[in-house]
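Enquirer: Spelled out, the chains give:
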Amino acid sequence: NAGVTQTPKFQVLKTGQSMTLQCAQDMNHNSMYWYRQDPGMGLRLIYYSASEGTTDKGEVPNGYNVSRLNKREFSLRLESAAPSQTSVYFCASSESSNQPQHFGDGTRLSIL
Amino acid sequence: GNSVTQMEGPVTLSEEAFLTINCTYTATGYPSLFWYVQYPGEGLQLLLKATKADDKGSNKGFEATYRKETTSFHLEKGSVQVSDSAVYFCALSGRGSYIPTFGRGTSLIVHP
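Protein sequence lines correspond, in order, to chains A and B.
When you read off a place in the first sequence, starting at 1, and then add 143, the result is the number in the working numbering.
When you read off a place in the second sequence, starting at 1, and then add 539, the result is the number in the working numbering.
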């Protein structure tokens with residue numbers, strides 16, 4: 144079972160470039176999430192989608208946009224990358240609000 | 540709002556030692572509680588969960604009991620192995636709230 148698949152696994156960007164991180168889940172989950180993980184900061188929620196057709200801001204949404212393309216896919220876009228966005232990005236999904244989350248293996252993003 | 544506090548690491552143990560990682564929480568209502576584990580270079584994966592007071596979650600020799608009276612969910616293992624070296628996250632999620640709350644993570648290092 145694939146679970147949650149993130150692409151790409153690694154990416155290096157220059158300041159000001161844009162890119163989209165892709166995430167897809169095959170578990171028919173309703174909710175999907177984007178986090179960033181930085182040393183000493185734990186996991187911080189960027190955006191989430193409680194169900195298909197809805198998206199909401201998390202703790203650190205500035206500089207990011209998201210699209211819930213369909214029930215399976217939830218993408219994260221950086222319109223104009225900044226060095227402060229260098230991080231490891233994780234996508235997760237869950238069946239409902241009080242169920243555990245399933246995580247992808249992450250995208251390691253460096254912005255020079 | 541909800542919060543999760545877990546002991547700071549790193550926790551360094553010798554193989555076969557007893558492990559406790561403390562976790563306390565603040566939440567309204569009756570949240571579900573989780574422990575996740577993150578191995579180097581990977582995403583978080585669910586280790587165990589408990590959904591109501593006095594429930595005991597267990598998996599791979601790890602255990603945690605949902606203690607509502609002390610608002611705690613401490614992780615224990617009787618005899619750790621080198622392969623248990625990882626970062627452990629305590630988390631909660633409430634019914635009806637789509638934003639889970641994670642602790643900062645505790646790094647465990649087990650020496651042979």
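By construction, these hints were calculated from the structure, which means they are not laboratory data.
Hints are supplied without guarantee of correctness; some may be wrong.
Unchecked claim - List of simulated lysine-lysine pairs, DSSO-like, C-alpha gap at most 30 angstroms:
1. B/LYS616 / B/LYS599
2. B/LYS599 / A/LYS152
3. A/LYS214 / A/LYS152
4. B/LYS591 / B/LYS607
5. A/LYS200 / B/LYS595
6. B/LYS595 / B/LYS616
Small disclaimer: the values here were computed from a predicted structure and weren't measured.
Enquirer: State for each hint whether it applies.
Expert: Hints and how they fare:
Between B/LYS616 and B/LYS599, the direct Cα distance comes to roughly 9 angstroms. Compliance with the 30 angstroms bound is thereby established for this hinted pair. A hinted pair counts as satisfied when its Cα atoms are at most 30 angstroms apart, and B/LYS599 with A/LYS152 qualifies at roughly 28 angstroms. This hinted pair checks out: A/LYS214 and A/LYS152 have alpha carbons roughly 22 angstroms apart, not beyond 30 angstroms. Our distance criterion of 30 angstroms between C-alpha atoms is met by B/LYS591 and B/LYS607, whose separation comes to about 8 angstroms.
In summary, the hint linking A/LYS200 to B/LYS595 is not supported, as the alpha carbons are separated by about 33 angstroms, beyond the 30 angstroms threshold. A hinted pair counts as satisfied when its Cα atoms are at most 30 angstroms apart, and B/LYS595 with B/LYS616 qualifies at roughly 13 angstroms.
Hint 5 from the list above is the single one not met by this structure.
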